[in-house]
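Trainee: Residues per chain, in single letters:
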Amino acid sequence: MSDIIKHYPPKPQKVYFYATCLVDVFYPDTGLAGIRLLEREGVEVVFPQGQSCCGQPAYTSGLNEQARTVAVTQLDLFPEDWPIVMPSGSCAGMLRKHYPRLFAGTPHEMQAEKVAARTWELTDFLLHVCRIRLQDQGEPVRVAIHTSCSGRREAGIAEVGPALLRQLADVELVEQARPAECCGFGGTFAVRHPEISAAMVADKAAALVDSGADQFVSTDCGCLMNIDGFADKQQLPVRGQHIVNFLWQRSKGGVA
Amino acid sequence: MTAREAILQRLYQGREQQGGLDVPVSNFAVLERPHWNHADKRQRFEQAMRSVHTEIHSVSRDNWCTVLQQLATEKGLHNLWVSPDTCHGKELTQHWQLTQTPLLQHCPPLAEWKDELFNQVNAALTGCRGAIAETGSLILWPTTAEPRVISLVPPVHFVLLDGNQLYSTLHQAMHQQGWADTGMPTNALLISGPSKTADIEQTLAYGVHGPKELIVLVLE
Amino acid sequence: MNPATDAVREFTPRARTALDNPAVRNNFRKAMDGLMDKRQAAFADWDLEALRELGAAVRLRALSRLPELLVQLEHNLQARGIQVHWAETGEQACQIVHDICQRRNARSVIKGKSMVSEEMDLNAFLARSGIEALESDLGEYIIQLAGEAPSHIIMPAIHKNTDEISELMHQQTGTRRSHDVDYLTASARSQLREKFMRADVGLSGVNFAIAATGTLCLVENEGNGRLTTTVPDCHIAVTGIEKVVENLEDIAPLLALLTRSATGQHITTYVNMISAPRQPDEKDGPEEVHLVLVDSGRSAIYQDRELLDTLRCIRCGACMNHCPVYTRIGGHAYGTTYPGPIGKILMPHLLGLESAHILPTASTLCGACEEVCPVKIPIPQLLQRLRTEAMDGDPQRPAHMDGHGSKRNWREMLLWHGWTLFNSRPWAYRLGTALAARFRRWTPARLGTWTRYRSAPRPAPQSLQQQLRQCRHKES
Chain A
1 MSDIIKHYPP KPQKVYFYAT CLVDVFYPDT GLAGIRLLER EGVEVVFPQG QSCCGQPAYT
61 SGLNEQARTV AVTQLDLFPE DWPIVMPSGS CAGMLRKHYP RLFAGTPHEM QAEKVAARTW
121 ELTDFLLHVC RIRLQDQGEP VRVAIHTSCS GRREAGIAEV GPALLRQLAD VELVEQARPA
181 ECCGFGGTFA VRHPEISAAM VADKAAALVD SGADQFVSTD CGCLMNIDGF ADKQQLPVRG
241 QHIVNFLWQR SKGGVA
Chain B
1001 MTAREAILQR LYQGREQQGG LDVPVSNFAV LERPHWNHAD KRQRFEQAMR SVHTEIHSVS
1061 RDNWCTVLQQ LATEKGLHNL WVSPDTCHGK ELTQHWQLTQ TPLLQHCPPL AEWKDELFNQ
1121 VNAALTGCRG AIAETGSLIL WPTTAEPRVI SLVPPVHFVL LDGNQLYSTL HQAMHQQGWA
1181 DTGMPTNALL ISGPSKTADI EQTLAYGVHG PKELIVLVLE
Chain C
2001 MNPATDAVRE FTPRARTALD NPAVRNNFRK AMDGLMDKRQ AAFADWDLEA LRELGAAVRL
2061 RALSRLPELL VQLEHNLQAR GIQVHWAETG EQACQIVHDI CQRRNARSVI KGKSMVSEEM
2121 DLNAFLARSG IEALESDLGE YIIQLAGEAP SHIIMPAIHK NTDEISELMH QQTGTRRSHD
2181 VDYLTASARS QLREKFMRAD VGLSGVNFAI AATGTLCLVE NEGNGRLTTT VPDCHIAVTG
2241 IEKVVENLED IAPLLALLTR SATGQHITTY VNMISAPRQP DEKDGPEEVH LVLVDSGRSA
2301 IYQDRELLDT LRCIRCGACM NHCPVYTRIG GHAYGTTYPG PIGKILMPHL LGLESAHILP
2361 TASTLCGACE EVCPVKIPIP QLLQRLRTEA MDGDPQRPAH MDGHGSKRNW REMLLWHGWT
2421 LFNSRPWAYR LGTALAARFR RWTPARLGTW TRYRSAPRPA PQSLQQQLRQ CRHKES
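Residue numbers (the numbering used here), protein chains in the order written: chain A, 1 to 256; chain B, 1001 to 1220; chain C, 2001 to 2476.
FYI, nobody ran anything at the bench for these hints, they're computed from the structure. By construction, the Cβ of each residue, glycine as well, lies at the ideal position given by its N, Cα and C atoms. Don't take every hint at face value.
No more than 25 Å apart at the CA atoms, straight line, and that leaves these computed lysine-lysine pairs for DSS-like [claimed, not checked]:
id: 1; chain 1: B; residue 1: K1041; chain 2: B; residue 2: K1114
id: 2; chain 1: B; residue 1: K1114; chain 2: C; residue 2: K2376
id: 3; chain 1: B; residue 1: K1041; chain 2: C; residue 2: K2038
id: 4; chain 1: A; residue 1: K6; chain 2: C; residue 2: K2376
id: 5; chain 1: A; residue 1: K97; chain 2: C; residue 2: K2376
id: 6; chain 1: A; residue 1: K14; chain 2: A; residue 2: K114
id: 7; chain 1: B; residue 1: K1212; chain 2: C; residue 2: K2195
Per label pair, the in silico range of CB-to-CB distance [what the hints assert, rightly or not]:
id: 8; chain 1: A; residue 1: V174; chain 2: B; residue 2: L1021; range: 45 to 51 Å
id: 9; chain 1: A; residue 1: R192; chain 2: C; residue 2: N2002; range: 22 to 28 Å
id: 10; chain 1: B; residue 1: L1204; chain 2: A; residue 2: Q135; range: 52 to 58 Å
Some, not all, of what chain B presents toward chain C, calculated at C-beta under 8 Å [what the hints assert, rightly or not]:
id: 11; residue: A1006
id: 12; residue: I1007
id: 13; residue: R1010
id: 14; residue: F1028
id: 15; residue: A1180
id: 16; residue: T1197
All chains, full assembly: derive it from the sequences and hints.
Mentor: Structure representation (structure tokens):
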């Protein structure tokens, strides 16, 4: 059970969509699917131009100065008091949990705390704020979900993905072995400690294959790039996509 | 400057440097088991002890010596040590009839009988100061009459427990027996089963360096 | 050079070796899975969050009063006849133990388990003076036979399976080869019996030192700890200065947390509380009892509010049991006294960042350790802090650890300056992502170590921002 206490806002008229750099460059369809899911719930989505990276790679490398230089430009993108929705447990966690820490004792402290307090991971927002109800338009399929560690432990969304998948009548949710174990991405960890990272992703991919799932979904593009990239190279039978893509496809009855 | 002075000075300095340490309130309520009645406590105590291979027998004031002699016979004990200076020791001495299991009653300083203790004493009986239900633990404070080694070295250890002295938790036992107020003895023990280890591929094995068998006689 | 700092520098090759060793992988996976399950079962009927809050509160209260409690502890121990010594370094502590042994003409020391004594490398120090230090805890005994260091702080021989132990005992002590764990255990019992009887000095660690009552609290399952602290005429206990707690009742929640977190036991076979040496009317117990309080870098950690949370640790090992990195590389790969997550946040202080800066990076910050820590140490936050110290990465919060900035290098900083520029200037970001999309087919198939195991990620034909800008143009 998560001991993260969240006070969800009432369903707003407008939200900011903060896509994350991985979505922007590598998985834009995830961003589009996310925006469409929100709009279909009657929420107006505002996409501030000028968004880049939340600063996490520098932050986890111990470079707070560089992280702040980037993050401070991002803080100014969200001037109105609307929720900031992000299709990533890891980046949402960065804003919610770490921005206050990063900016503590700086002139931007108050602003960072305000931004942190209204940042939400997308599936969490859809389930608990929009109270989304998905109608399954797809064929029967077995799916496993990989929730990122930061999604699980910083953004507190471990139960959200499964809850949304269970709304889909023809989706059978299967659980892989050791579902809460890290996939080995860890941002720069995969580059600094490649063999350990590889051992972790190999085990994660094997668990997904052994689960009997036809495919897997992930809350985070970093984990996705890691696990799916491994599955691709090793030619494994189970491939994955972002959960937001999957939810949009299934409930829309077509390709995003 | 001595090491003591240097270390303490650094710690005092450190506290200034820290800029304040907020200490949360210590709420001990989570330790309490207020809803356990005597039957609950008894049941949990037995379950906990049995799960780690402790033998438990219910006895009465009238029959405990008989039961103990039966157990000694069943186990084929070569001897049994009891203290001549305790009530239960005296009572047992009076009742003891087993010639094949003589009672040992001497208790010199350890140095004088170390070889005999380690190599010849088969079993020992001690009393205890009550027990803890939650963890299946006996409270033993060794005394001059029943020293530390006697509940440790012989491979078989019998303990006589007053069934009314059963506490729910360690926290309760500590408070109700006033350990912090009366002061702690040289040595205070909680014994929760025969000795064991899981150091070989996490496989449980009993009878390592402490007793191999622990038998509790619960006086109702 | 210092062998301790040398060892940690070999982390990467040793990790690689461990990853390629099926025995290590299997032994650790099986062991950690078992320990995780047992811990979970043991806490089933507890309000675990409330219990952990209490554990954290007890430890923080003690740390907030650390100097006073150490003085109170010393006073109360001395009042009952226990002698107290202070050591700034591990070496000093070894010397103190050595001098006590010398004064007593001691030739043999029997040891109960003590991680601090490993930290001090006490056995080697005593051996140089011809004093034999024999481990009596079965796990420590096994690795002493093998000439190895412990690979886990609670179960030192966890990296060995029964076959390996059987072979080792056969080679070193003449037992027959056997899979019968009872036989192997009984053999160890009889081998060590004589040693308990004859040892001149017993040396132990301390799980908790209670200031208010002047009591040393030790937990164990085997009985060797009680034998070590009762039979020899002299007992020396060694402990880090952070192990002190304020009141007797404080050990109730800590014991409840420690044994369940470590091995899933509700309690250890023995809880042994020592408050004095043998009194005139007593028949046994050591005539001399000593406590050696070891600083060895701990007071330096105490200088900083954030870093001192490292000192809350009660050495349960749950963090390493749950760590996906530790499970795969095992304890020896770290090359440090304390492996796993606690090792990663503690060893950089004990060894200096210059040698040990790789340790805090060997983590994905997944947080599994923090989730199970019985005293709620914010391990990922501390790992992050150590990374910042190693890089001198925050001029607004100047680093002060020994060796700070030693990981900072111009090559990596060049990359980060580029990254910062790219992400803090919208024109640069727009240009860069447009180029990445445009030249996506030129993404190298080989991208260093990433592509050794995974296919290279390729930018989409159009970034999300490009697509959205086009939509808006279409609309307007």
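Trainee: Next, verify each hint and record whether it holds.
Mentor: Now for the hints, and whether the structure bears them out:
1. B/K1041 to B/K1114: violated, 39 Å
2. B/K1114 to C/K2376: violated, 46 Å
3. B/K1041 to C/K2038: holds, 23 Å
4. A/K6 to C/K2376: holds, 20 Å
5. A/K97 to C/K2376: holds, 17 Å
6. A/K14 to A/K114: Holds, at roughly 17 Å.
7. B/K1212 to C/K2195: Roughly 19 Å between the alpha carbons, so the hint for B/K1212 and C/K2195 holds.
8. A/V174 to B/L1021: 45 to 51 Å: With a Cβ separation near 47 Å, A/V174 and B/L1021 satisfy 45 to 51 Å, so the hint holds.
9. A/R192 to C/N2002: 22 to 28 Å: holds, 24 Å
10. B/L1204 to A/Q135: 52 to 58 Å: Roughly 53 Å apart at Cβ, these two residues keep to the hinted range, so it holds.
11. A1006: holds, 6 Å
12. I1007: Holds: closest Cβ of chain C sits about 5 Å from B/I1007, inside 8 Å.
13. R1010: holds, 4 Å
14. F1028: B/F1028 check passes; min Cβ-Cβ to chain C is 7 Å, inside 8 Å.
15. A1180: Holds, about 4 Å.
16. T1197: holds, 5 Å
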